[in-house]
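Trainee: Sequence:
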Amino acid sequence: MAARRVAADIAPPYAVLLLVMVLARCVRRHGRLLTPERCEWANWLVANVVVPFFVLQLSVVHLDLAHTDYRLVAADSLSKVLVSFFIVSGIVVASLSGKLRSCTERFDSFVTLFSISALTSTLAVGVPMTAALYGKDAETVVVQLAVLQILVSSPIVLLLFYVRKATAGGAAAAGDEDVELGLPVQVGHIDVFAVELAGAGKLELPVQVGHVDVVVVVDADDVGGIELPVRVAGVGDVADPAIMAEPVRDDGGVGVAAGDVHLPTAAEVANGGAAPRTEELPPAAAAVSWLFILILARVKACVKFAMDVCSNPNIVAALLGIGWAFGRNRLNSTVRGAFEAIIGFVPPRVGGLAMMFSMGLSLGCQEKIMACSWTNLVIGQTLKFIIGPIAMFIASKIVGLHGDTLRIAIIQAAIPQAITSFIFAKEFGLHAEVVGTMVITGMLLAWLFLPLLYAILRLTV
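In case it helps, our numbering puts the sequence shown at residues 1 to 461.
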(Lines of atoms letter the chains of each structure in order from A and count residues from 1; the text may use other names and numbers.)
(Lines give C-alpha, C1' and ligand atoms only; values in the text may rest on other atoms or scores of the structure.)
Protein backbone atom coordinates (compact mmCIF):
# COMPACT_ATOMS: atom_id res chain seq x y z
CA MET A 1 0.00 0.00 0.00
CA ALA A 2 2.78 2.39 0.91
CA ALA A 3 4.65 1.49 -2.26
CA ARG A 4 1.55 2.31 -4.29
CA ARG A 5 1.20 5.72 -2.59
CA VAL A 6 4.89 6.44 -3.16
CA ALA A 7 4.61 5.53 -6.83
CA ALA A 8 1.50 7.68 -7.25
CA ASP A 9 3.11 10.73 -5.65
CA ILE A 10 6.67 10.38 -6.94
CA ALA A 11 6.07 9.18 -10.50
CA PRO A 12 4.71 12.48 -11.93
CA PRO A 13 7.55 14.78 -10.76
CA TYR A 14 10.13 12.10 -11.56
CA ALA A 15 8.76 11.64 -15.06
CA VAL A 16 8.68 15.39 -15.72
CA LEU A 17 12.27 15.88 -14.56
CA LEU A 18 13.59 12.99 -16.63
CA LEU A 19 11.58 14.13 -19.66
CA VAL A 20 13.04 17.64 -19.47
CA MET A 21 16.56 16.22 -19.24
CA VAL A 22 16.03 13.90 -22.23
CA LEU A 23 14.53 16.72 -24.32
CA ALA A 24 17.44 19.03 -23.51
CA ARG A 25 19.96 16.37 -24.48
CA CYS A 26 18.13 15.64 -27.76
CA VAL A 27 17.97 19.35 -28.61
CA ARG A 28 21.69 19.69 -27.99
CA ARG A 29 22.68 16.53 -29.88
CA HIS A 30 20.41 16.87 -32.90
CA GLY A 31 19.77 20.61 -33.13
CA ARG A 32 21.98 23.44 -34.32
CA LEU A 33 20.50 26.20 -32.20
CA LEU A 34 22.31 25.38 -28.95
CA THR A 35 26.06 25.50 -29.52
CA PRO A 36 28.50 24.50 -26.75
CA GLU A 37 29.07 28.19 -25.99
CA ARG A 38 25.34 28.79 -25.53
CA CYS A 39 25.11 25.71 -23.34
CA GLU A 40 27.84 27.15 -21.14
CA TRP A 41 25.86 30.39 -20.84
CA ALA A 42 22.74 28.41 -19.90
CA ASN A 43 24.66 26.55 -17.21
CA TRP A 44 26.04 29.85 -15.90
CA LEU A 45 22.56 31.37 -15.66
CA VAL A 46 21.24 28.36 -13.78
CA ALA A 47 24.19 28.32 -11.36
CA ASN A 48 24.26 32.07 -10.69
CA VAL A 49 20.62 33.16 -11.08
CA VAL A 50 18.16 30.27 -10.73
CA VAL A 51 19.82 28.42 -7.86
CA PRO A 52 20.43 31.57 -5.72
CA PHE A 53 16.83 32.70 -6.23
CA PHE A 54 15.40 29.45 -4.95
CA VAL A 55 17.91 29.39 -2.09
CA LEU A 56 16.55 32.75 -0.99
CA GLN A 57 12.96 31.68 -1.60
CA LEU A 58 13.28 28.56 0.53
CA SER A 59 14.92 30.53 3.33
CA VAL A 60 12.30 33.29 3.34
CA VAL A 61 9.20 31.13 3.02
CA HIS A 62 10.07 28.08 5.14
CA LEU A 63 12.77 29.06 7.66
CA ASP A 64 11.40 29.76 11.14
CA LEU A 65 13.92 29.61 13.95
CA ALA A 66 11.21 29.48 16.61
CA HIS A 67 9.84 26.14 15.34
CA THR A 68 13.11 24.49 14.31
CA ASP A 69 13.92 21.06 15.73
CA TYR A 70 17.52 21.62 16.78
CA ARG A 71 18.07 17.96 17.61
CA LEU A 72 17.29 17.18 13.99
CA VAL A 73 19.72 19.88 12.89
CA ALA A 74 22.40 18.43 15.18
CA ALA A 75 21.78 14.91 13.86
CA ASP A 76 22.11 16.04 10.26
CA SER A 77 25.31 17.97 10.99
CA LEU A 78 26.83 15.07 12.90
CA SER A 79 25.97 12.66 10.08
CA LYS A 80 27.85 14.90 7.63
CA VAL A 81 30.88 14.75 9.93
CA LEU A 82 30.71 10.95 10.07
CA VAL A 83 30.40 10.69 6.29
CA SER A 84 33.37 13.04 5.89
CA PHE A 85 35.42 10.85 8.22
CA PHE A 86 34.51 7.80 6.15
CA ILE A 87 35.47 9.57 2.92
CA VAL A 88 38.82 10.64 4.36
CA SER A 89 39.47 7.07 5.52
CA GLY A 90 38.74 5.74 2.05
CA ILE A 91 41.04 8.32 0.47
CA VAL A 92 43.83 7.35 2.89
CA VAL A 93 43.42 3.68 1.95
CA ALA A 94 43.43 4.55 -1.77
CA SER A 95 46.56 6.66 -1.28
CA LEU A 96 48.38 3.85 0.52
CA SER A 97 47.46 1.46 -2.29
CA GLY A 98 48.86 3.87 -4.88
CA LYS A 99 45.58 4.77 -6.61
CA LEU A 100 45.67 8.41 -5.47
CA ARG A 101 49.25 9.62 -5.65
CA SER A 102 49.03 13.40 -5.52
CA CYS A 103 47.45 15.75 -3.00
CA THR A 104 45.42 17.32 -5.81
CA GLU A 105 43.76 14.01 -6.68
CA ARG A 106 42.98 13.34 -3.02
CA PHE A 107 41.39 16.72 -2.43
CA ASP A 108 39.43 16.55 -5.71
CA SER A 109 38.09 13.13 -4.74
CA PHE A 110 37.05 14.41 -1.31
CA VAL A 111 35.23 17.42 -2.77
CA THR A 112 33.36 15.29 -5.31
CA LEU A 113 32.35 12.57 -2.84
CA PHE A 114 31.32 15.07 -0.18
CA SER A 115 29.15 17.03 -2.62
CA ILE A 116 27.48 13.80 -3.75
CA SER A 117 26.73 12.72 -0.19
CA ALA A 118 25.86 16.10 1.36
CA LEU A 119 23.52 17.53 -1.30
CA THR A 120 20.25 15.63 -1.76
CA SER A 121 17.19 16.24 -3.90
CA THR A 122 15.08 17.10 -0.87
CA LEU A 123 12.38 19.25 -2.47
CA ALA A 124 11.96 17.36 -5.75
CA VAL A 125 11.90 13.87 -4.20
CA GLY A 126 11.95 14.15 -0.41
CA VAL A 127 8.81 16.22 0.14
CA PRO A 128 6.37 14.16 -1.99
CA MET A 129 7.86 10.87 -0.79
CA THR A 130 7.61 11.83 2.88
CA ALA A 131 4.05 13.04 2.40
CA ALA A 132 3.13 9.71 0.81
CA LEU A 133 4.74 7.62 3.55
CA TYR A 134 4.11 9.59 6.75
CA GLY A 135 1.41 12.15 5.92
CA LYS A 136 1.40 15.89 5.34
CA ASP A 137 2.56 16.70 8.86
CA ALA A 138 5.92 15.06 8.17
CA GLU A 139 6.73 17.66 5.52
CA THR A 140 7.87 20.02 8.28
CA VAL A 141 10.81 17.75 9.07
CA VAL A 142 11.80 17.52 5.41
CA VAL A 143 11.57 21.27 4.90
CA GLN A 144 13.82 21.86 7.91
CA LEU A 145 16.41 19.48 6.45
CA ALA A 146 16.09 21.20 3.07
CA VAL A 147 16.66 24.63 4.61
CA LEU A 148 19.65 23.31 6.56
CA GLN A 149 21.11 21.89 3.37
CA ILE A 150 20.59 25.14 1.50
CA LEU A 151 22.06 27.38 4.20
CA VAL A 152 24.86 25.16 5.54
CA SER A 153 25.78 22.21 3.32
CA SER A 154 25.70 24.08 0.01
CA PRO A 155 27.96 26.94 1.21
CA ILE A 156 30.39 24.38 2.65
CA VAL A 157 30.54 22.58 -0.69
CA LEU A 158 31.05 25.89 -2.49
CA LEU A 159 33.80 26.79 -0.04
CA LEU A 160 35.58 23.52 -0.84
CA PHE A 161 35.31 24.29 -4.55
CA TYR A 162 36.80 27.74 -4.00
CA VAL A 163 39.64 26.30 -1.91
CA ARG A 164 40.42 23.94 -4.76
CA LYS A 165 40.24 26.80 -7.25
CA ALA A 166 42.58 28.95 -5.15
CA THR A 167 45.32 26.32 -5.19
CA ALA A 168 47.64 26.01 -8.13
CA GLY A 169 47.03 22.30 -8.47
CA GLY A 170 43.28 22.77 -8.60
CA ALA A 171 43.56 25.36 -11.33
CA ALA A 172 45.81 23.13 -13.39
CA ALA A 173 43.56 20.13 -12.88
CA ALA A 174 40.58 22.10 -14.17
CA GLY A 175 42.19 22.12 -17.59
CA ASP A 176 43.84 25.51 -17.78
CA GLU A 177 46.80 25.42 -20.09
CA ASP A 178 48.29 28.70 -18.90
CA VAL A 179 48.02 29.26 -15.19
CA GLU A 180 49.42 32.38 -13.58
CA LEU A 181 50.82 31.12 -10.32
CA GLY A 182 52.49 34.35 -9.26
CA LEU A 183 55.60 32.50 -8.06
CA PRO A 184 59.16 33.71 -8.61
CA VAL A 185 61.35 31.61 -10.89
CA GLN A 186 64.94 30.99 -9.88
CA VAL A 187 67.23 30.26 -12.82
CA GLY A 188 69.96 27.93 -11.67
CA HIS A 189 72.04 27.33 -14.81
CA ILE A 190 71.89 28.57 -18.39
CA ASP A 191 73.92 27.10 -21.21
CA VAL A 192 74.17 29.23 -24.34
CA PHE A 193 75.90 28.20 -27.54
CA ALA A 194 75.91 30.70 -30.39
CA VAL A 195 76.05 29.20 -33.86
CA GLU A 196 76.19 31.52 -36.84
CA LEU A 197 74.07 30.35 -39.72
CA ALA A 198 76.17 30.13 -42.85
CA GLY A 199 75.58 32.96 -45.30
CA ALA A 200 72.51 34.26 -43.50
CA GLY A 201 73.95 36.73 -41.02
CA LYS A 202 71.93 35.06 -38.26
CA LEU A 203 72.84 33.66 -34.86
CA GLU A 204 71.20 30.54 -33.45
CA LEU A 205 71.13 30.67 -29.63
CA PRO A 206 69.94 27.46 -27.93
CA VAL A 207 69.13 28.43 -24.33
CA GLN A 208 68.43 25.89 -21.59
CA VAL A 209 66.51 27.10 -18.51
CA GLY A 210 66.08 24.24 -16.06
CA HIS A 211 64.27 21.57 -18.08
CA VAL A 212 63.22 23.99 -20.80
CA ASP A 213 65.09 24.19 -24.12
CA VAL A 214 64.66 27.37 -26.17
CA VAL A 215 66.27 28.10 -29.54
CA VAL A 216 66.44 31.78 -30.49
CA VAL A 217 67.41 32.89 -34.01
CA VAL A 218 68.37 36.57 -34.24
CA ASP A 219 70.30 38.94 -36.47
CA ALA A 220 74.01 38.83 -35.81
CA ASP A 221 74.17 42.63 -35.47
CA ASP A 222 71.11 43.02 -33.25
CA VAL A 223 71.77 40.55 -30.46
CA GLY A 224 71.51 41.99 -26.99
CA GLY A 225 67.93 42.46 -25.87
CA ILE A 226 65.79 39.35 -26.25
CA GLU A 227 63.16 38.38 -23.71
CA LEU A 228 62.77 34.67 -23.20
CA PRO A 229 59.51 33.41 -21.61
CA VAL A 230 59.96 30.83 -18.88
CA ARG A 231 57.61 27.85 -18.64
CA VAL A 232 57.59 25.50 -15.67
CA ALA A 233 56.33 21.92 -16.15
CA GLY A 234 53.93 23.03 -18.87
CA VAL A 235 51.95 25.36 -16.64
CA GLY A 236 52.05 28.60 -18.62
CA ASP A 237 54.17 31.68 -18.05
CA VAL A 238 54.68 31.85 -14.33
CA ALA A 239 57.00 34.84 -14.38
CA ASP A 240 57.81 37.64 -16.74
CA PRO A 241 61.42 38.60 -16.07
CA ALA A 242 63.67 39.77 -18.85
CA ILE A 243 66.05 36.81 -18.86
CA MET A 244 69.18 37.77 -20.77
CA ALA A 245 71.96 35.26 -21.40
CA GLU A 246 75.61 35.98 -20.57
CA PRO A 247 78.39 35.16 -23.06
CA VAL A 248 79.82 31.67 -23.20
CA ARG A 249 82.82 30.93 -21.01
CA ASP A 250 85.56 28.45 -21.75
CA ASP A 251 83.72 25.66 -19.93
CA GLY A 252 80.71 26.14 -22.23
CA GLY A 253 78.24 27.25 -19.55
CA VAL A 254 77.32 30.10 -17.29
CA GLY A 255 76.26 29.62 -13.66
CA VAL A 256 73.73 32.33 -12.93
CA ALA A 257 72.01 33.23 -9.68
CA ALA A 258 68.43 34.50 -9.70
CA GLY A 259 68.49 37.85 -11.49
CA ASP A 260 68.85 39.45 -14.88
CA VAL A 261 71.22 37.86 -17.36
CA HIS A 262 72.52 39.78 -20.35
CA LEU A 263 72.39 38.30 -23.86
CA PRO A 264 75.73 38.70 -25.63
CA THR A 265 76.22 41.13 -28.43
CA ALA A 266 77.64 39.94 -31.73
CA ALA A 267 81.12 41.22 -30.80
CA GLU A 268 81.04 39.48 -27.43
CA VAL A 269 80.00 36.20 -29.01
CA ALA A 270 82.78 36.47 -31.59
CA ASN A 271 85.52 37.55 -29.16
CA GLY A 272 84.45 35.57 -26.11
CA GLY A 273 84.30 38.70 -23.96
CA ALA A 274 82.32 38.72 -20.74
CA ALA A 275 79.68 41.22 -19.73
CA PRO A 276 79.96 42.82 -16.30
CA ARG A 277 78.11 41.01 -13.49
CA THR A 278 75.54 42.75 -11.35
CA GLU A 279 76.18 43.03 -7.63
CA GLU A 280 74.16 40.61 -5.48
CA LEU A 281 72.33 41.47 -2.26
CA PRO A 282 73.70 40.27 1.08
CA PRO A 283 72.15 36.96 2.20
CA ALA A 284 70.27 38.57 5.12
CA ALA A 285 68.75 41.30 2.95
CA ALA A 286 67.82 38.79 0.26
CA ALA A 287 66.12 36.54 2.84
CA VAL A 288 64.15 39.46 4.31
CA SER A 289 63.04 40.68 0.88
CA TRP A 290 62.01 37.16 -0.15
CA LEU A 291 60.01 36.72 3.10
CA PHE A 292 58.28 40.07 2.54
CA ILE A 293 57.36 39.12 -1.04
CA LEU A 294 56.06 35.74 0.14
CA ILE A 295 53.88 37.35 2.82
CA LEU A 296 52.46 39.86 0.33
CA ALA A 297 51.69 37.04 -2.11
CA ARG A 298 49.87 35.08 0.60
CA VAL A 299 47.88 38.13 1.70
CA LYS A 300 46.93 38.86 -1.89
CA ALA A 301 45.82 35.25 -2.41
CA CYS A 302 43.72 35.32 0.79
CA VAL A 303 42.05 38.61 -0.19
CA LYS A 304 41.26 37.27 -3.67
CA PHE A 305 39.87 34.07 -2.16
CA ALA A 306 37.62 36.01 0.24
CA MET A 307 36.37 38.27 -2.55
CA ASP A 308 35.57 35.29 -4.78
CA VAL A 309 33.65 33.54 -2.02
CA CYS A 310 31.69 36.62 -0.95
CA SER A 311 30.80 37.51 -4.54
CA ASN A 312 29.22 34.12 -5.26
CA PRO A 313 25.43 34.58 -5.62
CA ASN A 314 24.67 31.35 -3.77
CA ILE A 315 26.71 32.44 -0.75
CA VAL A 316 25.05 35.87 -0.83
CA ALA A 317 21.58 34.28 -1.03
CA ALA A 318 22.36 31.99 1.91
CA LEU A 319 23.58 34.91 4.03
CA LEU A 320 20.48 36.93 3.15
CA GLY A 321 18.30 33.97 4.09
CA ILE A 322 19.98 33.65 7.48
CA GLY A 323 19.62 37.40 8.04
CA TRP A 324 15.94 37.20 7.14
CA ALA A 325 15.43 34.37 9.63
CA PHE A 326 16.84 36.48 12.46
CA GLY A 327 15.02 39.68 11.49
CA ARG A 328 11.65 38.49 10.18
CA ASN A 329 9.91 38.66 13.57
CA ARG A 330 10.86 42.32 13.95
CA LEU A 331 9.08 43.32 10.74
CA ASN A 332 5.45 44.27 10.42
CA SER A 333 3.29 41.25 9.62
CA THR A 334 1.85 42.96 6.53
CA VAL A 335 5.28 43.78 5.13
CA ARG A 336 6.57 40.32 5.94
CA GLY A 337 3.58 38.62 4.34
CA ALA A 338 3.79 40.75 1.20
CA PHE A 339 7.50 40.01 0.75
CA GLU A 340 7.00 36.28 1.28
CA ALA A 341 4.14 36.27 -1.23
CA ILE A 342 6.24 38.05 -3.85
CA ILE A 343 9.31 35.87 -3.53
CA GLY A 344 7.23 32.70 -3.20
CA PHE A 345 5.25 33.37 -6.37
CA VAL A 346 7.43 31.06 -8.49
CA PRO A 347 6.95 27.40 -7.48
CA PRO A 348 10.12 25.54 -6.45
CA ARG A 349 9.62 22.88 -9.11
CA VAL A 350 10.46 25.45 -11.77
CA GLY A 351 13.97 25.56 -10.34
CA GLY A 352 14.22 21.78 -10.53
CA LEU A 353 13.14 21.85 -14.16
CA ALA A 354 15.72 24.52 -14.99
CA MET A 355 18.47 22.49 -13.31
CA MET A 356 17.47 19.32 -15.16
CA PHE A 357 17.42 21.24 -18.44
CA SER A 358 20.93 22.50 -17.73
CA MET A 359 22.11 19.00 -16.91
CA GLY A 360 20.55 17.68 -20.12
CA LEU A 361 22.44 20.29 -22.15
CA SER A 362 25.70 19.34 -20.46
CA LEU A 363 25.08 15.65 -21.05
CA GLY A 364 24.32 16.46 -24.67
CA CYS A 365 27.87 17.79 -25.03
CA GLN A 366 29.19 14.36 -23.99
CA GLU A 367 29.45 11.32 -26.18
CA LYS A 368 28.06 9.01 -23.48
CA ILE A 369 25.52 9.54 -20.74
CA MET A 370 27.28 7.07 -18.44
CA ALA A 371 30.62 8.83 -18.48
CA CYS A 372 32.33 7.17 -15.50
CA SER A 373 33.69 3.75 -14.66
CA TRP A 374 31.70 1.11 -12.84
CA THR A 375 34.06 1.38 -9.88
CA ASN A 376 33.36 5.08 -9.41
CA LEU A 377 29.64 4.47 -9.88
CA VAL A 378 29.55 1.76 -7.20
CA ILE A 379 31.59 3.89 -4.78
CA GLY A 380 29.34 6.92 -5.23
CA GLN A 381 26.04 5.06 -4.91
CA THR A 382 27.28 3.04 -1.93
CA LEU A 383 28.21 6.27 -0.21
CA LYS A 384 24.78 7.74 -0.92
CA PHE A 385 22.42 4.81 -0.29
CA ILE A 386 24.29 2.82 2.40
CA ILE A 387 26.89 4.92 4.21
CA GLY A 388 24.65 8.01 4.37
CA PRO A 389 21.66 6.31 6.09
CA ILE A 390 23.96 4.43 8.49
CA ALA A 391 25.68 7.67 9.47
CA MET A 392 22.30 9.38 9.98
CA PHE A 393 21.09 6.48 12.14
CA ILE A 394 24.18 6.70 14.36
CA ALA A 395 23.94 10.49 14.62
CA SER A 396 20.20 10.39 15.38
CA LYS A 397 20.72 7.87 18.16
CA ILE A 398 23.46 10.04 19.64
CA VAL A 399 21.25 13.16 19.80
CA GLY A 400 18.15 11.22 20.92
CA LEU A 401 15.80 11.18 17.91
CA HIS A 402 13.15 8.45 17.85
CA GLY A 403 9.88 7.48 16.21
CA ASP A 404 8.80 8.84 12.85
CA THR A 405 11.30 11.69 13.08
CA LEU A 406 14.14 9.16 13.18
CA ARG A 407 12.70 7.21 10.24
CA ILE A 408 12.17 10.35 8.17
CA ALA A 409 15.72 11.54 8.85
CA ILE A 410 17.17 8.19 7.74
CA ILE A 411 15.07 8.13 4.57
CA GLN A 412 16.07 11.69 3.73
CA ALA A 413 19.72 10.68 4.02
CA ALA A 414 19.09 8.15 1.24
CA ILE A 415 17.36 10.60 -1.10
CA PRO A 416 19.10 10.75 -4.53
CA GLN A 417 21.82 13.26 -5.25
CA ALA A 418 20.74 16.84 -5.81
CA ILE A 419 20.93 18.38 -9.26
CA THR A 420 22.72 21.26 -7.54
CA SER A 421 25.79 19.06 -7.06
CA PHE A 422 26.06 18.66 -10.82
CA ILE A 423 25.54 22.40 -11.36
CA PHE A 424 28.40 23.22 -8.99
CA ALA A 425 30.66 20.55 -10.50
CA LYS A 426 30.00 21.91 -13.98
CA GLU A 427 30.56 25.51 -12.88
CA PHE A 428 33.95 24.73 -11.29
CA GLY A 429 35.05 22.08 -13.79
CA LEU A 430 35.47 19.16 -11.36
CA HIS A 431 34.27 15.68 -12.34
CA ALA A 432 31.06 17.06 -13.87
CA GLU A 433 30.57 13.97 -16.04
CA VAL A 434 30.94 11.65 -13.04
CA VAL A 435 28.52 13.68 -10.92
CA GLY A 436 25.99 13.81 -13.78
CA THR A 437 26.13 10.03 -14.06
CA MET A 438 25.65 9.74 -10.29
CA VAL A 439 22.56 11.97 -10.37
CA ILE A 440 20.89 10.02 -13.18
CA THR A 441 21.61 6.56 -11.77
CA GLY A 442 20.71 7.74 -8.26
CA MET A 443 17.26 8.85 -9.40
CA LEU A 444 16.70 5.45 -10.99
CA LEU A 445 18.06 3.42 -8.07
CA ALA A 446 15.88 5.35 -5.62
CA TRP A 447 12.80 3.62 -7.03
CA LEU A 448 14.17 0.29 -5.83
CA PHE A 449 16.05 1.23 -2.68
CA LEU A 450 13.75 3.68 -0.88
CA PRO A 451 10.69 1.35 -0.60
CA LEU A 452 13.04 -1.37 0.65
CA LEU A 453 14.53 1.00 3.23
CA TYR A 454 11.02 2.03 4.31
CA ALA A 455 10.08 -1.60 4.92
CA ILE A 456 13.28 -2.26 6.88
CA LEU A 457 12.68 0.79 9.09
CA ARG A 458 9.08 -0.27 9.78
CA LEU A 459 10.32 -3.64 11.03
CA THR A 460 13.44 -2.65 12.94
CA VAL A 461 13.28 0.98 14.13
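For the record, the hints were derived by calculation from the structure and aren't laboratory data.
These figures come from a predicted structure and were not determined experimentally.
Every residue gets a Cβ at the ideal spot worked out from N, C-alpha and C, and that includes glycine.
Just to be clear, a hint being listed does not mean it is correct.
Claimed, not checked - Here are the simulated distance ranges between beta carbons:
1) W374 - N48: 45 to 55 Å
2) A166 - T460: 42 to 52 Å
3) L291 - R349: 32 to 42 Å
4) I398 - W374: 12 to 22 Å
5) R349 - E40: 58 to 68 Å
6) G98 - C310: 14 to 24 Å
7) L452 - S77: 35 to 45 Å
8) I293 - H30: 51 to 61 Å
9) D69 - T460: 36 to 46 Å
10) T460 - L18: 27 to 37 Å
11) V163 - N48: 36 to 46 Å
12) N329 - S95: 43 to 53 Å
What the hints assert, rightly or not - Straight-line C-alpha distance at most 25 Å; calculated PhoX-like pairs for lysine-lysine:
13) K300 - K368
14) K165 - K300
15) K304 - K165
Trainee: Give a verdict on every hint.
Mentor: How the hints compare with the structure:
A hinted range of 45 to 55 Å is violated for the C-beta pair W374 and N48, which are about 34 Å apart. For the pair A166 and T460, the supplied restraint of 42 to 52 Å holds, since their beta-carbon distance comes to about 45 Å. The hint said 32 to 42 Å for the Cβ distance between L291 and R349, and at roughly 56 Å that hint is violated. Range check, I398 to W374: about 35 Å between beta-carbon atoms, so the 12 to 22 Å window is missed.
Judged by the Cβ atoms, the range 58 to 68 Å given for R349 and E40 is violated: they are separated by roughly 25 Å. Checked against the hint of 14 to 24 Å, the pair G98 and C310 fails, with Cβ atoms roughly 39 Å apart. Between L452 and S77 the CB atoms are about 27 Å apart, so this pair departs from the stated range of 35 to 45 Å. Here the CB-CB span from I293 to H30 is close to 55 Å, well matched to the stated 51 to 61 Å.
For the pair D69 and T460, the supplied restraint of 36 to 46 Å is violated, since their beta-carbon distance comes to about 23 Å. Judged by the Cβ atoms, the range 27 to 37 Å given for T460 and L18 holds: they are separated by roughly 32 Å. For the pair V163 and N48, the supplied restraint of 36 to 46 Å is violated, since their beta-carbon distance comes to about 19 Å. The hint said 43 to 53 Å for the Cβ distance between N329 and S95, and at roughly 50 Å that hint holds.
For the given pair, K300 sits about 41 Å from K368 by alpha-carbon distance, which is inconsistent with the 25 Å threshold. This hinted pair checks out: K165 and K300 have alpha carbons roughly 15 Å apart, not beyond 25 Å. As the CA atoms of K304 and K165 are separated by approximately 11 Å, the hinted pair is consistent with the 25 Å bound.
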